[in-house]
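Taken in sequence, the protein lines are chains A and B.
Heads up, the first sequence is in my numbering, so the first residue is 1 and it goes up one at a time.
Heads up, the second sequence is in my numbering, so the first residue is 1 and it goes up one at a time.
There could be a bad hint or two in this list.
[Said to hold, decoys possible] Pairs of lysine-lysine residues, derived as DSSO-like cross-links and limited to a Cα-Cα distance of at most 27 Å, are as follows: (1) K53(A) <-> K166(B); (2) K265(A) <-> K89(B); (3) K137(B) <-> K265(A); (4) K53(A) <-> K154(B); (5) K121(B) <-> K265(A); (6) K53(A) <-> K137(B); (7) K552(A) <-> K469(A).
If you are wondering where the hints come from, they were derived from the structure by calculation, not from laboratory data.
Note that this is a predicted model, so its numbers are computed, not measured.
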Amino acid sequence: MELALSNTLCAFFRYNNGNKSHRFYFLIIFGLFLCVSKIRAQDMASLSPSELKKLSIEELMAIEVTSVSKHPEKLTEVASAIQVIRNKDIHRSTATSLPEALRLAPNLHVAQLNSYAWVISSRGFNTLYANKLLVMIDGRTVYTPLFAGVFWDAQNVLLEDVERIEVVSGPGGTLWGANAVNGVINVLTKSAGETQGLYASGSVGSMLRNNQEVRYGGQIGDNFCYRVYGKHFDLNHTVQADDQDVADKWGLYQGGFRIDWELSKTDNLTFQGDYYIGDEKTVPRQTDFDGQNVLGRWTHIFSDRSQLVAQAYFDRTWRRMPTISFALATYDIDIQHHFSVGERHRVMVGVGYRLMQDDTQNYTTAAGILPNERDMHLFNGFVQDEISIVPETFKITVGSKLSHNIFTDFEVQPSVRITWTPDKDHTVWGAVSRAVRTPSRIDVDYYIPTNPAPGAPQVAGGPNFNSEKVIAYELGYRVRPAQAVSLSLATFYNVYDDIYSVEALPGTLTYQIQNGSEAQSEGVELSGNYQAASWWRLRGGYTYLKMDIRNKPGHDFDPTILANDAEHRFLVQSIIDLPWNLNFDLTARYTDKLPRVVPDYFTFDARLAWSGENVELSIAGQNLWEDKHQEFGLIEIPRNIYGTLKCRF
Amino acid sequence: MKTIAPKPKYFLLAACMLLISAQISPSNEYKVKAVFLFNFVQFVEWPSKAFAEKDSPLVIGILGENPFGTYLHETVYHEKLTGHPLVVKQYENVKEVSNCQILFVNPDNIGELGSIAEELKQQHVLIVGEATEAFMKRGGMIGFFLQDGRIRMKINLESIKEADLKVSSKLLRVADMYNNKQ
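The shape of chain B in the complex, shown without the other chains (with noise of 0.2 Å):
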């Protein structure tokens, strides 16, 4: 359980990042959704060959054009998971995607999800994005939906499994569960 300081560089990454898009402020769904992507930190598991060192960070990528502005940056700003400090990257398309541990998939890029999904799951990514069937069907396997204007998560447990990826009951239990042969 030993933790370090977040290495200068990620600092100013995160520094950069906000400069860059101090302006845009989120609407109160995607802050809320940025703060259970840093939730999701803390209940999934990763096996330890996720990670290329111990003290590598943990990176929460968004594909596609960000939807949470700065405040995901903000909300993991000096954070860490025993050791693996908090960053969050952006990637214009999949060919970009590497060493994430978190990708959260915007809804405009689900089309390019179906021919990276199974090497995601061999590097151990876990898929987030909006609940939507395209999305839950091509490996995606937490997704967000609204219900009563609330945040809710549908979970694909199957895909999380072939990724070798642990979810805490607690999540699951507040979840709804994704059946692939539904």
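Looking at chain A on its own, in the form it has when it is part of the complex (with noise of 0.2 Å):
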């Protein structure tokens, strides 16, 4: 029955013959006329003199000078096992999506499943419907409350105009929503005014059929800029081992737009939107989906030692797959507020509401989601001290997330943390949190049949699953040796209670959806940044993870089923500057052998450019070390060779 369930869910990705051709057109129309502005955001490793020296003064003014964030949660991440994806090594990389950019987190285990379904987690626990994660698109959470997990292939930005992509693995604090369990993905795009000026952008190649990209930047008047883009690819299919065609290509259109207004000195205003539509192949039609997204923040500065934020989106996704369609709205409203008490509290309190409303349709009796709609609603409110103890020395960070769901009513996510700073090139780091994952529909509401006859084998969804739990002990450590080099190395002990589980009430064969599963873990993760001249930059990391899950006592489960995790992995990105404007850039990568049978790999992209005034051209290569290779199922990840070029001005 385990594997019955697994493999219904295992359908939601599944993959076959459907049928070709996209339905679905989509017009962008830019003005590529008007004034060419070129200021392009820069964000330089070596700040060198003659670097610096070819910018404007603008370009001078958009540099971010200081390492500690605006944001003052900053401080507190640096005391976490937070890596950070800057678009210039983005930039330096063949990645071509979200997905791909994240394997450039040494902490993120990212497996490819097909052309279209990725896995991603960290810190363990990942399979299909990898659970564990909070993941944000500038603010705006984009995990599904259908299985807690994320539809990666519904999740693309236009990777130009991404300013970082901050990776926490484990808890992340306190200031972060639920399902922030293993850790944390917030992707943050540039402001309006820093991508400004027309960009374009076509790729042609072999696992990227084709992929074209234009934004374009403006201002009017001093203080308002906005910027508006669109995007479209096609991607190939995947294969078998014996290289027959798995029939899962697919493709996406996209557009969006971006305004950031400067009302005053210290009020900011940013509304952003976006609209996707995509099809892929699969068994036995194909997949639709969509979505629309509307986002506006306010942020407020009452003085240096204070500052508000609020923030309203509203998130419309559907997607029809062959057995099921799940239409979700999502209305969202935060605000969050730091300010400093005396000198020696830096205080941060916030409260939030989220609506979800769900419309599921199952196309099949033999398993499915009931009822069809659900309301949830969820409430959530924190707060967080950060004590300086001994001023820029030695700090506590105490705080204490509360949230109310409609599943399991109050849930208290509470962390401590401390970080001692001997001096500007080590701190040491210390944290216990409490996070929870709580249900999602899968877990409470998922039959199989959804018509059963009495007696017969079933499941009846879980009506008494509760939130699953984790207490996280970390440890970590950065350090600066040298002015060239960073490290940054975080450990960590995990130790979850009421994990999923399937399991049937006595002396029926009625199964529930239960929490009779626990686990450990304990791993380390160690990265790090060495420019090791000024024409090369290495960055990378090596991360163990060593998961245990077993039942908990009276429980009879598989619960191996829940994780499929790498023990061993590494990662190097090289970034070298070659002369007569070349670059050539490097990303390899080894993955341990995953439990269920996933054997080992390693690969490596690879990328040549050019780079004028104005364009830039490329080639690319992605897992080049073989023509094919699993990273997740039986499916194969065939080579990807594709040409790009770029145009900015």
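Since each chain sits alone in its own frame, please combine them into the complex, following the hints.
So, in structure tokens, the structure goes:
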């Protein structure tokens, strides 16, 4: 029965013969005229005089010169297992999509299942329905309450305009929302003011059949900046071991905008939105999906010591898979205020409310979600105090999140974090946190079949399913042993309780989803940056993970299906500036074998690019080591070679 | 628009300073500020009498401790403005300041500024520093400040006019204006 459940879940991601041809046409018209402004936001590694002298005054003013960001939560993040993928790292990789960019974070296990499905997790529990990660794009939460995981195919951004991706492994402190059990992925795009001018890019290749991107950013008056963008791509199919077509081609159209309006020196308004529509080959008919979202954010600065952020968004997403369709509307409002009290306390408080309304249609009685509709209300509030015990040297951060959801009522997620910074080159930190993964529809409302005969074997939801819980113990060390080297070591020991299980009610063939498993995990995450020479930068890391999942006493389930994690992973990215405006970049990675029959693999991506005044030409190869390799299932991911022409005016 | 090669002594001076402080690497903030100082050379117009000769150096002076390490030296190395080679000089106190066109005032030395600001204006010196109220009030002309982790500038146009300097509109457009009467 467990296997049946697992298989049906797999069906969400299933592949096979569908039909071709896009039914969707999406017209993007941009004014290719108007003034050609050349502000290219700069983020540079070395800030050498010769580089900086090339920049205009405006460009110099766009450089972020402080390492501790404007957001006060940054300080606590430094005392966590955070790894940051910057625009310059993405630009110098072969990544063409968000999951591919996430491969650049050594603390994430990123596995490509087929052409459009990815499984991504940190600190374990990576499965098709990996559900212990909080993923946000510009403040908008994108994991689905269907299974508390992420449909990665629907999460697209213009990588050119991404400022940075923060990847926190571990509970990530008090501030992040529910679901941040094992980590947080926070994708932040640049402000409209930093993405001025015209950007156009076109790629053609083997796996990436084609990719087109256009963005125009402009300014009206002194304080109003905007950008609009559109993109389209088609991806080729993956293959079976015998090179047979898996028939999982897919494509997507997306467009969007962002407006940043500086109302006054102390007030900023951001307004942004996206629209996307895509389709994938699946059996017995293709999968269609689309979505729209709009978000507004107001930032008000009372003073250096007090700032308020209010944000609201609406997100609608719809997906019709062969066995089920799922429409979801999310309304969310959040207010955060941080302020200093005296010289020693930095306080952050926040409240939020989210309504998720879904509409599920089951196309088969073999399995499905019941009831068809749910209104899921989520209230949350948090308070955190960062206390300087010894100014600049020793601080303690205590906080807790309190939330209320329709399945388990109140949840408390406290954390304590200690940071010791003996000097600016060394930080030692430790943390103890409790986090929960609240139930999703697939935990509570999943039935196999949906109309069971009395007495026949069946899975009858999880009416008593409770939140999964973790107590995480972390210890970390950040060091800059030399000007050109920075290293971060994070270790953790996690104790999980009330983890998912599916078990028969005593004396019957009726199975229910329960909390019958428990687990422990421990691991080490090492990451670093090294500016080996003015023309050569290296970044990368190593991650070790040991998982132990078992039944709780008195329970009977095969919990090994809940995780499929690699014990060792390595990543190295090498970024080289050659003479004649050439770039040569390599990213190599090794992933250990997975328990459920995926052999270990090594592969690398390479990129050679030439850039002129306004033009960049590149040829890139992904997964070059072998002609194809498995990453998560039996499907093999083929090598991909593509060429790209980018123009920036 | 005659340009000439820097005189050997300035080169030597720059080279010595490079050696002396080769170990000091400034923060990104001061790297960018150093390049701002270099850019001011192009955005500010000095009266011809500000220079003793047509080929005398354009001196960027630092009053007080040097927060730029060698970075400012590297930035202006081999650069010139219409025949004036750029050089960096460091002054321990105000008494040493002479014949310079741009003076960066370390915040620790703002106290000394008041006593000589008027004299510096007579010498057509562009006074640059951190945009504290104290600095701007005491005759500071361009002040840096940080906003959202980025460097911005305040310009005291009145002081600049008193020094007989002209600032390009390009620079004025991106800076905030400081008003003495505030």
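Just pull the numbers of the violated hints for me, sorted ascending.
2, 5 and 6
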